[in-house]
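Asks: Sequence:
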Amino acid sequence: MDKTSVSALYACVMILTVASATSLQDCEADMTGFELVTGYVFTAPDDLLDSIPGTLMLTDCLEACHANDTCESVNYETGLCVMFSSNADAYPGALSKSQFPVFTIYAQKTCLGIKPCERAWCFDRVQGYKLKGFGKKKQAATSRQDCLELCLGEREFSCRSLIANSFIGLQNTTTAGEMHNGGICTERNGLHQWSTPGDTTTVAGNRSANYNNGTAECDMSDMDRLTVAGQGAFEPAAGIDYLENNCVDEPVKLCEFKKFPGRILKTVDSVYQDVGSLDDCRELCLNSPYRCHSYDYGDTGELVCRLSHHSRATLADIQDPYLEVPEASTYELNSCYNISIECRSGDMVARIKTSKLFNGKIYAKGNPNSCVQDVRGSLDFELEMAYDDVECNVKQQGLGRYMNDVVIQHHDTIITSSDLGVAITCQYDLTNKTVSNEVDLGIQGDLKPAMTEEVIVDSPNVAMKITDRQGADVKPTAEVGDPLALRFEILDPNSPYEIFVRELVAMDGVDSSEIVLIDADGCPTDHFIMGPLYKSSDSGSGKILLSYFDAFKFPSSEVVQFRALVTPCMPTCEPVQCDQEDASGELRSVHSFGKRRRRRSTKSTSDARDDMLLVQSIQITDKFGFGAQQASPEMNPSDTTAFSIKHHDYNIDSLCVNLFGVIISCLVFLAVQVAVLIAWAYVWNKKRHVDKYHQQDGMSVSMSIPVGRTDSMCKLYDTGYAKRY
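Using mature numbering (1 follows the signal peptide of the UniProt record, and there is no 0), the letters of the sequence shown correspond one by one to residues -21 to -1, 1 to 704.
Treat the hints as calculated values from the structure; they're not laboratory data.
Fair warning: this is a prediction, and the values are worked out from it, not measured in the lab.
Do not rely on the hints blindly, as some may be mistaken.
The calculated SDA-like cross-link candidates involving lysine to any residue, where the alpha carbons are at most 25 Å apart (straight line), are [said to hold, decoys possible]:
| hint | residue 1 | residue 2 |
| --- | --- | --- |
| 1 | Lys245 | Gly218 |
| 2 | Lys237 | Ser256 |
| 3 | Lys115 | Ala195 |
| 4 | Lys94 | Thr11 |
| 5 | Lys237 | Tyr301 |
| 6 | Lys115 | Glu214 |
| 7 | Lys238 | Tyr301 |
| 8 | Lys514 | Asn440 |
| 9 | Lys115 | Lys245 |
| 10 | Lys245 | Gly277 |
| 11 | Lys514 | Ser536 |
Pair ranges (Cβ atoms, derived) [unchecked claim]:
| hint | residue 1 | residue 2 | range |
| --- | --- | --- | --- |
| 12 | Ser75 | Glu493 | 53 to 59 Å |
| 13 | Leu282 | Gln375 | 22 to 28 Å |
| 14 | Val653 | Glu493 | 48 to 54 Å |
| 15 | Gly280 | Phe79 | 20 to 26 Å |
| 16 | Ser474 | Val653 | 53 to 59 Å |
| 17 | Lys374 | Asp452 | 37 to 43 Å |
| 18 | Lys374 | Ala217 | 56 to 62 Å |
All residues carry an ideal CB built from backbone N, CA and C; glycine is no exception.
Let the sequences and hints guide you as you build the complete structure.
Replies: Set out below in structure tokens:
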């Protein structure tokens, strides 16, 4: 390349910079938007406009740049805002990863051809990443801004994200580096175009760039990092920009946040002071001017609430974004729901829209197997229930008024604390109307402890029982979501054996549905339901094994029966290595004492005995609160639809008889009757003995009174009561 070409190259760079500045200055205020790049910092000392320390809101930093016509970009960290009169499109070599241990958010102002939303920023950009396998539509584009406008203007579906070639004005910058395939400055806003295709040259001591030549494709998607979280779809891809739309509408009312203890974000978007409670902090997150996905409260100061649009799913490309604080906690948004009810002349339709791909089923509470809709990987699903459909059991309350109870269940088999119960009511009307109503989810009051009795098997004396997390013996009933522990213990503290467990199965007490919790290798099948088995710190050995879980139940029964194979081993049991997802969403190796030891010679002292089958049952109720709906006030005649939502707090309308309680009561009653009969016989016999003694002048007569079997006792045991345990 000759000097003329090099001069043209630098002239073109200046033209692009001037064109960008001109377009921003002439841009109407409501057409201006921001694009965020997390984990990067822009360095341009000569173009620094202002530094604003003490800025605790990213929105304040963006507003300051928006109000300044010469501002094109900002760097933001919690407590600091720095504004620049240039941007990374003009000087991409000035944009670099922010240094560990902190991370910076870079925001770039852009003038869009389509009016953006009123949120604080329009897009998040991640360089060198893509969303794999969820492309919806491809279109040609000549710049990254064209891609943004295509996504904002899409009407066939909700464009949540897109991937495209790295449309950067100057790319692959080096100092004293090579420029490959020529530098092509395309025409923009009527400016002169410069091009030397096919050239390869070295410009010592100066930046060199590879301009994008021609058009490229924008691959738009109706999914983003949040909707497909946990599926491994977000992955590195060289030369690709991932762009996520912050203007999409998503449910914000029926939201579930999960608590992740021991960490908080190093950089957040908003810091609020004097916030009264954790619930108030949660409401600030749900009503923020951006898509808030996590918050923490009281960990950086008293009554301090911090919000962020980031969560584990959006921080895969950031090195150590969290600060480890043992006593702190971050609350991350798991999923939200919008529920609408359409009342039609012949049926009612419950429609659900979620913020995360849903896998599970929706069904009528009384008919989980016949009136059900299976859902696989969808953000929208529904359940139709005809008024005269016996299988869906729609109840009629008065003239033209119908109601039913619906359960949204995430797991295929069991009900967990994440599931929802919806009581819906329709006023019969020939016209089609849809009325939606959202009610905040939440569990009120303290959770009741769940307890059960112990079952012991002989030789060796091994017990399996269900306890609370502190190991205390508990009642024979629990509620869905109660924190429990499954405990396996050798009762003899001097026993030379240890134990390991495998093939732990939970079974339904009615229709024999089952779910495997610990597989044949001794590893948990789903760590969200039950964790690995580990040695209790109380024993210091393998004589006590524990596994924590939250109480769950099957849709058709309140009885959950646990069955497990337990094998003693001597002198110690070797654990198995299991892969488990950690708090950051990555797989890590954990130990579980469930591996079956390979049998050795029968003469070896370390041989394992035969497997023992241990069985334990517990009664678990859910908390949907459907029964309370029956006593609700009459619906306003002007309303056509009403529904209420409860999060695990219900009383069943029909009388549910606890068979176990009835049997115990019968046994106690019969035992009292037998005791009274024996006491009466003893007194009567003694009286006769005394009378005969006097009548026979001192002669002693003894007699025995046979006590026959009671028919009720025979019938009770003949029904197979003992077989249940």
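Asks: Work down the list of hints and note, for each, if the structure agrees.
Replies: Results for each hint:
1. The hinted pair formed by Lys245 and Gly218 fails the criterion: a straight-line CA distance of about 28 Å is larger than 25 Å.
2. Between Lys237 and Ser256, the direct Cα distance comes to roughly 17 Å. Compliance with the 25 Å bound is thereby established for this hinted pair.
3. For the proposed pair Lys115 and Ala195, the alpha carbon gap of about 16 Å is at most 25 Å, so the pair holds.
4. About 8 Å separates the Cα atoms of Lys94 and Thr11, which keeps this hinted pair within 25 Å; it holds.
5. With a C-alpha separation of about 16 Å, the suggested pairing of Lys237 with Tyr301 holds against the 25 Å cut-off.
6. Distance restraint check for Lys115 and Glu214: the Cα-Cα separation of roughly 18 Å lies within the 25 Å cut-off, and the hinted pair is therefore satisfied.
7. Note on Lys238 and Tyr301: the hinted pairing holds, with a Cα-Cα distance of about 14 Å set against a maximum of 25 Å.
8. Restraint check for Lys514 and Asn440: satisfied, since their Cα atoms lie roughly 18 Å apart, inside the 25 Å limit.
9. For the proposed pair Lys115 and Lys245, the alpha carbon gap of about 35 Å is over 25 Å, so the pair is violated.
10. Between the alpha carbons of Lys245 and Gly277 the distance comes to roughly 15 Å, so the proposed pair stays at or under 25 Å and holds.
11. Simply put, Lys514 and Ser536 have alpha-carbon atoms about 32 Å apart, too far for the 25 Å limit, and the pair is violated.
12. For the hinted restraint 53 to 59 Å between Ser75 and Glu493, the CB-CB distance of approximately 55 Å keeps it satisfied.
13. Leu282 and Gln375 have their C-beta atoms about 51 Å apart, which leaves the hinted 22 to 28 Å range violated.
14. Between Val653 and Glu493 the Cβ separation comes to about 39 Å, which falls outside the hinted range of 48 to 54 Å.
15. Checking the proposed 20 to 26 Å range against Gly280 and Phe79 shows it holds: the Cβ atoms sit about 24 Å from each other.
16. For Ser474 and Val653, the hinted distance range of 53 to 59 Å is not satisfied, since their beta carbons lie about 38 Å from each other.
17. Remark: the range hint 37 to 43 Å for Lys374 to Asp452 is upheld by a beta-carbon distance near 41 Å.
18. Distance hint for Lys374 and Ala217: a CB-CB separation of about 59 Å, consistent with the stated range 56 to 62 Å.
In summary, the numbered hints that this structure violates are 1, 9, 11, 13, 14, 16.
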